[in-house]
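All chains, full assembly: derive it from the sequences and hints.
Protein chains: 2
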Amino acid sequence: MIIDIITPILERRSVRKFAERPVEREKILTCLHAAQLAPSAENVQPWRFIVIDDPAVRDAFSKQVFSGIYSATRWAAKAPVLIALAADRNIIAHGVAAALQKIPYYMIDIGICGEHIVLQAQHMGLGSCWIGWFNARKADTFFRLPAKMRICELIALGYPEKSHAPRNKKLKNGGNMIQFNTWT
Amino acid sequence: MIIDIITPILERRSVRKFAERPVEREKILTCLHAAQLAPSAENVQPWRFIVIDDPAVRDAFSKQVFSGIYSATRWAAKAPVLIALAADRNIIAHGVAAALQKIPYYMIDIGICGEHIVLQAQHMGLGSCWIGWFNARKADTFFRLPAKMRICELIALGYPEKSHAPRNKKLKNGGNMIQFNTWT
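Each protein sequence line maps, in turn, to chains A and B.
When we follow the working numbering, the leftmost residue of the first sequence carries the number 1204, and every step to the right adds one.
When we follow the working numbering, the leftmost residue of the second sequence carries the number 1204, and every step to the right adds one.
Since the hints were derived computationally from the structure, they do not count as laboratory data.
Hints may be right or wrong, so weigh each one.
One copy or any two copies: either way a pair holds, since identical chains are not told apart in the list.
No farther apart than 25 Å at their CA atoms in a straight line, the calculated lysine-lysine pairs in the PhoX-like style are these [said to hold, decoys possible]: (1) K1351 / K1375; (2) K1373 / K1230; (3) K1351 / K1373; (4) K1305 / K1365.
Here it is in structure tokens:
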């Protein structure tokens, strides 16, 4: 029996159509404060955030990163805010452990902190969508990032064009995702 | 000005000492339901969950994965519950995109869905801690996982030994994590 799921988790859905209303900087900063409270491997906090909320910058950025094979993500060029989630990969603890484990911890950390943004946004009436399909190389170049930094994901943010009922999410794999004390 | 952060985000901290009280399966399943409501790249839901709540299984597993260079994580052998977050890497959409982007999307997805577990647990009075430092190869072997599956992270779960005040989190990098419309 499922009990009492946190409201923003229950009600979140990916939003790709936004009202033209701009997003208050106060709300953006609140989302990023929530992100910075996230745990990270060895608490290194590898995340860096570039907020794009200037329409001219957004348009120039979008032209670079949502074109060619990435044009399926063109809808994001109309998002009032794009947050680029960058990681500082120049962190020794991560490097040694990641090489041994073959796990790029900063990717996990970006997932964790980004979801804090998404849930906090939902709580404040904002819609959001994770974006993994964009020209990541051109995104780095656009902001002239140092070599140690890398934009891993984007999150689109804005007031939803219309209100959505929480969708009835279909589970993949026949819903067969969980086993106790064994895997068969 | 920061406004109204979601309570479980605000109050979460990593818990490594747990009461001996077992965790109700109902609560574990609620955490995993929350996890399954998470977004994932192309909605492929690559996550699989192995819940270890049988003390005998936990002890045998811990002996394998928290020894040798991984013994810094020995505290987790006493956690009432360990959830192994595994990913099915045999998903074509992920494979093609990941190769082009050099971003292993399933790692981001594991971060996102795992944090739903952590926040939902916090909401229900449970403490948790992400674990990235364990013998991942032996973990896979312990459960005889098929080659396509891989345990990426563990999450320890249980009732905290004592109540914690939310910690006053110190931000790294002089708190200089955010820029608007540029990176300098």
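A quick look at each hint next to the structure:
1. K1351 / K1375: Answer is between: at 16 Å across copies they meet the 25 Å cutoff, but 36 Å inside does not.
2. K1373 / K1230: Intra 31 Å, inter 21 Å, cutoff 25 Å: inter-copy only.
3. K1351 / K1373: between (39 Å within a copy, 23 Å between copies)
4. K1305 / K1365: Neither: 43 Å inside a copy, 35 Å across copies.
Violation of the numbered hints given earlier is confined to hint 4; every other hint is satisfied by the structure.
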